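A.B. asks: Okay, here's what each chain looks like letter by letter:
Number of protein chains: 6
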Amino acid sequence: MKVAVYRKAQFNSAHRLFRKDWSFEKNNEVFGLCNNPNWHGHNYKLEVKVVGEIDPETGYVIDLKILNDIIQDEILERFDHKNLNMDTVEFKDLNPTGENIVVVVYNIIRTKLDARYELSVKLWETDRNFFEYPA
Amino acid sequence: MKVAVYRKAQFNSAHRLFRKDWSFEKNNEVFGLCNNPNWHGHNYKLEVKVVGEIDPETGYVIDLKILNDIIQDEILERFDHKNLNMDTVEFKDLNPTGENIVVVVYNIIRTKLDARYELSVKLWETDRNFFEYPA
Amino acid sequence: MKVAVYRKAQFNSAHRLFRKDWSFEKNNEVFGLCNNPNWHGHNYKLEVKVVGEIDPETGYVIDLKILNDIIQDEILERFDHKNLNMDTVEFKDLNPTGENIVVVVYNIIRTKLDARYELSVKLWETDRNFFEYPA
Amino acid sequence: MKVAVYRKAQFNSAHRLFRKDWSFEKNNEVFGLCNNPNWHGHNYKLEVKVVGEIDPETGYVIDLKILNDIIQDEILERFDHKNLNMDTVEFKDLNPTGENIVVVVYNIIRTKLDARYELSVKLWETDRNFFEYPA
Amino acid sequence: MKVAVYRKAQFNSAHRLFRKDWSFEKNNEVFGLCNNPNWHGHNYKLEVKVVGEIDPETGYVIDLKILNDIIQDEILERFDHKNLNMDTVEFKDLNPTGENIVVVVYNIIRTKLDARYELSVKLWETDRNFFEYPA
Amino acid sequence: MKVAVYRKAQFNSAHRLFRKDWSFEKNNEVFGLCNNPNWHGHNYKLEVKVVGEIDPETGYVIDLKILNDIIQDEILERFDHKNLNMDTVEFKDLNPTGENIVVVVYNIIRTKLDARYELSVKLWETDRNFFEYPA
Chain A
0 MKVAVYRKAQ FNSAHRLFRK DWSFEKNNEV FGLCNNPNWH GHNYKLEVKV
50 VGEIDPETGY VIDLKILNDI IQDEILERFD HKNLNMDTVE FKDLNPTGEN
100 IVVVVYNIIR TKLDARYELS VKLWETDRNF FEYPA
Chain B
0 MKVAVYRKAQ FNSAHRLFRK DWSFEKNNEV FGLCNNPNWH GHNYKLEVKV
50 VGEIDPETGY VIDLKILNDI IQDEILERFD HKNLNMDTVE FKDLNPTGEN
100 IVVVVYNIIR TKLDARYELS VKLWETDRNF FEYPA
Chain C
0 MKVAVYRKAQ FNSAHRLFRK DWSFEKNNEV FGLCNNPNWH GHNYKLEVKV
50 VGEIDPETGY VIDLKILNDI IQDEILERFD HKNLNMDTVE FKDLNPTGEN
100 IVVVVYNIIR TKLDARYELS VKLWETDRNF FEYPA
Chain D
0 MKVAVYRKAQ FNSAHRLFRK DWSFEKNNEV FGLCNNPNWH GHNYKLEVKV
50 VGEIDPETGY VIDLKILNDI IQDEILERFD HKNLNMDTVE FKDLNPTGEN
100 IVVVVYNIIR TKLDARYELS VKLWETDRNF FEYPA
Chain E
0 MKVAVYRKAQ FNSAHRLFRK DWSFEKNNEV FGLCNNPNWH GHNYKLEVKV
50 VGEIDPETGY VIDLKILNDI IQDEILERFD HKNLNMDTVE FKDLNPTGEN
100 IVVVVYNIIR TKLDARYELS VKLWETDRNF FEYPA
Chain F
0 MKVAVYRKAQ FNSAHRLFRK DWSFEKNNEV FGLCNNPNWH GHNYKLEVKV
50 VGEIDPETGY VIDLKILNDI IQDEILERFD HKNLNMDTVE FKDLNPTGEN
100 IVVVVYNIIR TKLDARYELS VKLWETDRNF FEYPA
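For the protein sequence lines, the chains are A, B, C, D, E and F, in the order given. Residue 80 in numbering that gives the first Met the number 0 is what sits at position 81 of the first sequence, and the numbering runs on without skipping anything. Residue 88 in numbering that gives the first Met the number 0 is what sits at position 89 of the second sequence, and the numbering runs on without skipping anything. Residue 60 in numbering that gives the first Met the number 0 is what sits at position 61 of the third sequence, and the numbering runs on without skipping anything. Residue 38 in numbering that gives the first Met the number 0 is what sits at position 39 of the fourth sequence, and the numbering runs on without skipping anything. Residue 15 in numbering that gives the first Met the number 0 is what sits at position 16 of the fifth sequence, and the numbering runs on without skipping anything. Residue 43 in numbering that gives the first Met the number 0 is what sits at position 44 of the sixth sequence, and the numbering runs on without skipping anything.
Please note that the accuracy of each hint is not assured.
It does not matter which identical chain is used: a pair holds within one copy or between any two.
[Said to hold, decoys possible] List of simulated lysine-lysine pairs, DSS-like, C-alpha gap at most 27 Å:
(1) K44 with K111
(2) K91 with K64
(3) K1 with K48
(4) K111 with K19
No lab work stands behind these hints, which were simulated from the structure alone. Predicted model only: the values in this text are computed from it and were never measured.
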């Protein structure tokens, strides 16, 4: 009797999409406005989904306070009010596309979450563009 | 060629998270503010998902009026403007966590829905905390 | 050059609409389901609007952290995860309708806010029913 | 390492639910208000989900500009500000229920999308009634 | 001590923007896609705002059930699942722009609402285009 | 018979809150995380409100296409996918707080809008913090 539990959060970051080993023109061609060398930014919205059995004693799959603490300490502390390319080790050499961010967020939370839970993460870059891992 | 059909609804209820067989202190430790003995409440939002084949004659998987009537008669009649712990048989001895509520809602609708349909239910306790069954 | 600054928040409470000096029947006639003697509840959403001049030094009308602290300390501490009728002095003898709640919230914040600011408050009881004071 | 990429869009159309081979009474019985012979309409919201591997060079599953162009050229050009029953070949002889529309939209996008991608489509007829294919 | 009370509703209609006394070309030039002779449609969202004194006995400005009944009986009955141009007397000779619809809705509700209340109406044609009267 | 017409838009930008003539410590004390020297960013949402008389010929207060073109050409071209502090003349020496941005946006649109219209602008920095000018 597995139930999914969801928790939402938000972080506000600057980023730039580009490859250091490409020319500015090549980056512009592939990444368009997102290649602005002075950065732009987003309100990234996050939805973390944790699947597990209901604990018959508490009626919880996971205490949402615990899940929220993980999101707060591991994701928001790291990425909120930061420049993803400049201020984080995760995106120092990894292009901070929505796809790469959602995988990085998943991997960070995965290491903090008990192995008995299944995990997936959804990330909104804007209201119209968003990403999910695993698919 | 299976299609999913979704219908949303809302009910406004009071509840308290606690176990009768635990001390007040133990309940506070586990359930925090949700253990307020005088209750608190939520606008619970519900999303019911029904999966089936499209009827080639009508173009419907299920007449949404029928699905809405089930939600209205079986869920809203039972839980809307109620105290989940005091006014319902379902949560008399079951802690009304989001996890337990979403399973109870699923089980009620399941008995009213033709067996050829697959069913799942999503329940929002707040905009940031929600639940889904089956996961 | 007055600018309005808005901050949103939420509190989850139980309440009952009724008058102690009316019969149960009279209360039912006027307040319907909201007169459930065992309470029901809502996710109350709050939007606080503060109007003032931009401080030319900071570019702020008011530091939103200060406004948020007032909302947190004066409103959420008081009403969140509470039974409005039983747990608060404000609604001990005042029917906790949306209209009365929005006026009470306004009056509390007004005493904590520098007199040079204009204030108004909006309160959602549900997504479809909400209230504003002053109008 | 498959990631899902989502893109949202909207089109505003008129439609009528009915079968030409049924009497007006029979259509009314089955389709109710949706059988209004003078049409009614909706803001249809669309969410297109594309699943694939992240391209390690770009960090993209698919350039969202390409996905957006497909939605624009193939779906919005065809259905936006149209009468689905009268102005489109797709619904000339197919009842434009949410179920049928979501399958038609899927089939159109499927032919334009590289075969290495998985696709699914969600369609909102209103905020409370929506549809997904495949389920 | 005036408080504003808000109620939201929705109706789904077909319409066409054009003037009978203009050529098709002139209508196209001014109204673009909205001049489709076979109609298109919208989910019109409505927000009705009523301002008045709180009744000290009930704590209500107006019983929202009464306001909702007016919206239901006078606006939704008239416009929901209708073709505004063909099925209504109001827009038989009046172009159903958002501006004209919001004024018509205001005028209808105004006649049904006690004169001691102030009224205003907001109408969403889409999430990005909306209208309010009086301004 | 004045009607308000609203149009929404969005731009995604990087920014930093600070004063060049203050020490880093002073800036941190006043602007907190928003003083990150490597920038952070937001999805800024914009709501432009134009008030005027309905043109009896067209039924429009203003052709929303014209209003949208102004927003597109004057605001989004200037600020979308930009670093507000580095890439714009408007915020070269003006702290890009929500308050200052909303006034700047207002002033730009005001010069492009016929004088017979009243104008006001609302700007969301996040879903919970927003700004309006004039108040």
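A.B. asks: Could you run down the list of hints and mark each one as holding or not?
C.D. replies: Hints and how they fare:
{"no.": "1", "hint": "K44 with K111", "result": "within (20 Å within a copy, 30 Å between copies)"}
{"no.": "2", "hint": "K91 with K64", "result": "between (31 Å within a copy, 25 Å between copies)"}
{"no.": "3", "hint": "K1 with K48", "result": "both (12 Å within a copy, 17 Å between copies)"}
{"no.": "4", "hint": "K111 with K19", "result": "neither (32 Å within a copy, 32 Å between copies)"}
Hint violations for this structure: number 4 only, all remaining hints satisfied.
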